[in-house]
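Positions 1 to 206 (our numbering) are the ones given, in order, by the sequence shown.
Don't read these hints as lab results, they were simulated from the structure.
For every residue, glycine included, the Cβ atom is placed at its ideal position computed from N, Cα and C.
Please note: incorrect hints may appear among the correct ones.
In silico DSSO-like links for lysine-lysine, alpha-carbon gap of 27 Å or less [claimed, not checked]:
(1) Lys204 / Lys156
(2) Lys127 / Lys204
(3) Lys127 / Lys50
(4) Lys156 / Lys127
FRET-style restraints, in silico, Cβ to Cβ [unchecked claim]:
(5) Glu133 / Gln104: 43 to 51 Å
(6) Pro51 / Lys127: 20 to 28 Å
(7) Ser182 / Asp107: 25 to 33 Å
(8) Thr105 / Thr183: 18 to 26 Å
(9) Lys50 / Ala123: 17 to 25 Å
(10) Pro44 / Asn184: 43 to 51 Å
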Amino acid sequence: MNKATWYAMALLMGTLLSPITAANGLDTQDQARALDAASSVPWPAAARVKPNHVLGVQTLSIELGESKKNRSARIAHVYQYNHVIEQSRMVSIDLVADTVLDQQTIDSLHLPLSNNEINHAIALLAKAETLLERMRHEQRNRGVTAFNTLDELEVKASIFSPMDADHICVTNRCALLSLFDSTNTVFTLEPIAILSTGVVTTLKRH
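Based on the provided sequences and hints, a complete structural model is requested.
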């Protein structure tokens, strides 16, 4: 499958979920203020705790909101995921008053990935030599010179939200990696990095 075909399929299926950028109207200073305010808000107590997770708290997006009561207000919604307690939340910030308006937990692990999560998933794959060798074998079968490192490939990452209720990524935050070589061909092997455990598996295994 070439890259153009893959993009068309991904867009049709809604699986190509790149990290959300801030909405129009929020400049860099607004985003920084919103993030500072959100970071000061304690997380709710949670039953599941995984101390010392390398990813800690990840900010997934900062979006411009609006107030139904005051249309002139400038509201920022900060979406975050805490890998220690495995919980998502949205913190609403009044940018004019520099105050926290609200915190809401989100009953989903499958918000779009942060750049840090993507980089971590790629780093995990780089250590999965057995999977990398399978990918090289796939290239050789196509008559293409096999890559040496992942730096030679183009990598697209998306949050993986499986349809199978028994899949491990239903209850774990996972990154699905699609990789293209220099011929713009996507590999049939699709690695999945399970961010909570650091394990890398493949889509077809499930």
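Evaluated hints:
1. This hinted pair checks out: Lys204 and Lys156 have alpha carbons roughly 18 Å apart, not beyond 27 Å.
2. For the hint linking Lys127 to Lys204, the alpha-carbon distance of about 20 Å falls within 27 Å, and the restraint holds.
3. With a CA separation close to 22 Å, the supplied pair Lys127 and Lys50 stays within the 27 Å bound.
4. With a C-alpha separation of about 18 Å, the suggested pairing of Lys156 with Lys127 holds against the 27 Å cut-off.
5. Glu133 and Gln104 have their C-beta atoms about 45 Å apart, which keeps the hinted 43 to 51 Å range intact.
6. Taken as a hint, the range 20 to 28 Å holds for the pair Pro51 and Lys127, whose Cβ atoms sit roughly 22 Å apart.
7. Separation of Ser182 from Asp107 is about 42 Å and departs from the stated range, judged on CB atoms against 25 to 33 Å.
8. For the pair Thr105 and Thr183, the beta carbons lie near 45 Å from each other, so the given range of 18 to 26 Å is not met.
9. At roughly 18 Å, the beta carbons of Lys50 and Ala123 sit within the given window of 17 to 25 Å.
10. A C-beta distance of roughly 45 Å is found between Pro44 and Asn184, which places it inside the suggested range of 43 to 51 Å.
Consistency note: the structure conflicts with the earlier hints numbered 7 and 8.
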